[in-house]
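> Fit chain B to the known structure of chain A by using the hints.
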Amino acid sequence: MVKRLQGAVPEVTLEGVSKVFRTGATVLQNLSLTVERGEFVTFLGPSGCGKSTLLRIVSGLSPASKGTVRVNGMTPENARELTSFIFQDATLLPWRTVEQNIGLGMELDYAARDARRERVARMLELVGLSDAAARYPRQLSGGMKMRVSIARALASKPRLLLMDEPFAALDEITRDRLNEELLRLYAEQQWTVLFVTHSVAEAVFLSTRIVVLAPHPGRVAHELAVDLPWPRTAVTRESPAFEKMVTQASRLLRGVHQG
Amino acid sequence: MNRRGLLLVHSMLVFAGLVVLWQAAVWAFRLPVYMLPGPWPVALALCDRLPSLLNSLWITTEEAAGGLLASVAVGVAVAMVFAQWLWLRQLLYPYTILLQTVPIVAIAPLIILWAGPGILSVTVVTFIICLAPIIANTTQGLISVEENYVHLFVMHNATPAQILFKLRLPNALPNLFTGIRISAGISVIGAITGELFAGSPRVGQGGLGYAILYANSQLETSYLFALVIAATLLGFVFFFLVMFLEWLALHNWHESSRSHLSE
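Chains A and B supply the protein sequences, listed in that same order. Residue numbers for the first sequence follow the working numbering, so the first one is 1 and each next one is one higher. Residue numbers for the second sequence follow the working numbering, so the first one is 1 and each next one is one higher.
Here chain A stands alone, though its shape is the one from the complex:
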């Protein structure tokens, strides 16, 4: 069962955040949002609504043009040790084995070899890839690659997880299974998650809250609390409550498409 301190501590706060690209295009305009510790917030919206840009701002990879961003009270750059970013493609280094890929963050941190090996082994177990430790990325399926990517993110013990359409390239069965695994880990690890997706069903299944963004310029259009019971499993997807939520979210999303 997921136990969290909802409503207690803000983990991510954005105040009046705008982002203007060098081309002059306004991607985000005056966006304010608070994500509390332990929340799983999913951003839905048509292309051009600035979902990915939002994650980049929270990670500090791309600074906001205006407004303030705080992660656990710190600037995004200073909060990087608490933050892991999971990209759409698994971004595994092809010349490293699964094991070496998962250990990358610790290696860059000059962690001791033994500690590294131990943690990598635990992460492999966590994502069910212990047998694939010595394989190279090209020998893995898309789903396995994404598992390695998740294991690598978890190895640095993040508190905040930023996920930019991580399962978009996978087939539906694999995606559903990884969704379930992600929630299992989420329940164990007490993270805060900001998640970007195009799939309404995925958003409903994973989130505690869905934020629908409208495009041109990107701004918050709707917020939707997802109060489906925990733990969520494959059975959840067949429940009438789930269907209802998906319908509701789809309707909101359709509203912001083409204004």
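Just so you know, these hints were derived from the structure itself, not from any lab. Since the model is a prediction, treat every value here as computed from it, not as a measurement. Every clue listed holds true.
Quick list of in silico lysine to any residue cross-link-like pairs, SDA-like style, CA-CA up to 25 Å:
id, chain 1, residue 1, chain 2, residue 2
1, B, Lys166, A, Ala133
2, A, Lys157, B, Tyr149
3, A, Lys157, B, Ala158
4, A, Lys157, A, Thr13
5, B, Lys166, B, Leu88
Using the frame of chain A, we list chain B on its own:
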């Protein structure tokens, strides 16, 4: 017989066919031995002069390998500087192209004038013609890293040195090997071209290029043929040595080597 064995037999047959054709041409046109020696006089010359041929071969090997290795070391260093400071690359890139377009036969005498005749100046000539492909290919590999990979490293607070050595350099390895393969082929040509001008401190003894000139002036055409064959084989060996190293470095992870294996 398996496919590989069959291929070997076929290659031998092609080789034998070429030798027969060669001999047939000598008989048919009644060419004197100083114009076109047949396979037999060439083989004889090869056996007779084997020590001096091996000596020449060794000198040329040293020069070509030395120039090639130096060009790899310098080329990779230059590429790393170019990748780190792109404005510098824009400023200096045209000059690396000049390296490639300058006629080596024109500057070889100059280099020999400056560095003196002998192995050193020939190595420098080889180095110069090998350098451009290394720089161009390695730079390409260093800068063509997908943005998300850089972001991944930045998220781990990686230092610029870590990004260079743990991300950009491994990413450039396939390109580096493409460059080395090109340069390995031309390194032997560069060394021989250098030798044509460099001469030798001792009469009759020097690298393959010098020996070819000498054999030509003495009308020892059979020996000249043997030398040309040796030079060609040397280039061949260089090329395959690099292919092998490339396979060693990349076969675990790079797509290019997988297609080799499955063929």
